Amino acid sequence: MAEISQDSGSGKKGKKKRSKKLATRIDLTPMVDLGFLLITFFMLATSLIKPQTMEITMPSDKKVQEEDKTVAKASQAISIILGKDNVVYYYFGKTEGAQVLKTNYGPDGLRKILLTKNFDVAKQVEELKLEKNKTHMKDEDYQKRLTEIRANKNAPVVRIMATDESNYKNLVDALDEMNICSISRYAIVDYDEPDKQLISKLTP
Amino acid sequence: MPKAKVKRKSTWVDMTAMCDVAFLLLTFFMLTSNFTKKEPVLVSTPSSISEIKIPETNIMTVLIDKTGKLYFGIDGQDKRKSLIEKMADKYKVSLTPDEIKKYTLLELVGNPMQTIKQFLNLSPDLRDLPQNNLGVPSDSTNNEFVDWVKSAREVNPELRIAIKADESTPYPVIKNVMKSLQQLDENRYNLITKLEVAPGKK
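If you read the sequences in order, they're chains A and B.
Numbering-wise (our numbering), the first sequence opens with residue 1 and increments by one.
Numbering-wise (our numbering), the second sequence opens with residue 1 and increments by one.
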């Protein structure tokens, strides 16, 4: 209680004539100050949010045998080039004679293109998510079905190439789009000559 | 002004409830949060929809700031001790036990091995100044970064690599780091990001 009174019943404050047993009244205002000071300390020095991570796996540097290389069909291949000032160039199919188009990182840019290309898989993943919410599917079942959908042979294969003028955010955004559009096969590839020439034709 | 003055009543507010609320909040914060690690530079990571949480132990952190400086650190004080001893051996830098102790208390250090002795002897407030942090070299002539990663891997084989880089870090720096890791056959790593709400999700 805010007041610990030895003489219970004496409720008046500051009477000159006090009864022989002194009523002790503790004012808790400083205690509250202390409490808020400690709260402020903890709020500033700690963090409630644990940082998130994105996992990526890069292809190994060692020379891969010819038969082990997975060959992608030209019809499935999408190449994305991360350029300067948040510009994204992309083309479908082989590098020679490809028609390069420009887009941006917004939802109506890269995401739209990837979703249209990956339409079947994206639709299946959406349906699976709805099903999961409705039937309360177990997590492992969901994951299993997800990997089955993603192992679809006709799914597009994306190559991501980053130019030296792009920044880290561009790379993370591109990888994020892979996740959002449920593209299972993608790789970060070096930005080399054939592509450099293609882009230099576009930017005079 | 009214002629009849209002009698001055003494106001005494019972602060018990306020005190209870304050301590409840305090208990909440004490139990649910964890102290943030002190980083030499403040880095703003890009956002992504990935919801995988960063592991708390057995983690090797590579911090890359806007200017491309690399900072390196692992968790676990005893492991840090073995790491710095290995590196000091490799680079023929002699460190006193006191300096080694100072190193084990630091989360992330970004200095080439030549200047690390001076860096460890600086007072804590001077340690954060940019001129005292030159970054771990990772160019082809002097790739200390590769040695740090290799030694860290020897000290703790279960380490996971986490890269925390600023949004506006230019890509060549990242490419360099990824190539160095590829050299060591470290092909799985994590990129630390902020949480972003996935589009279409509520």
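Because the hints were derived from the structure by calculation, they are not lab data.
Small disclaimer: the values here were computed from a predicted structure and weren't measured.
Ideal Cβ positions, reconstructed from N, Cα and C, are used throughout, including at glycine.
Warning: the hint list may mix true and false statements.
Below are the PhoX-like pairs computed for lysine-lysine, each with C-alpha atoms no more than 20 Å apart in a straight line [to be verified]:
1) 196(A) x 175(B)
2) 179(B) x 150(B)
3) 50(A) x 38(B)
Just so you have them, the derived chain B footprint on chain A, three or more residues with Cβ under 8 Å [what the hints assert, rightly or not]:
4) 21-33
5) 79-88
6) 140-151
7) 166-172
- Task: Check each numbered hint from earlier against the structure, then list the numbers of those it violates in ascending order.
- Result: When the structure is compared with the hints, numbers 5 and 6 turn out to be violated.
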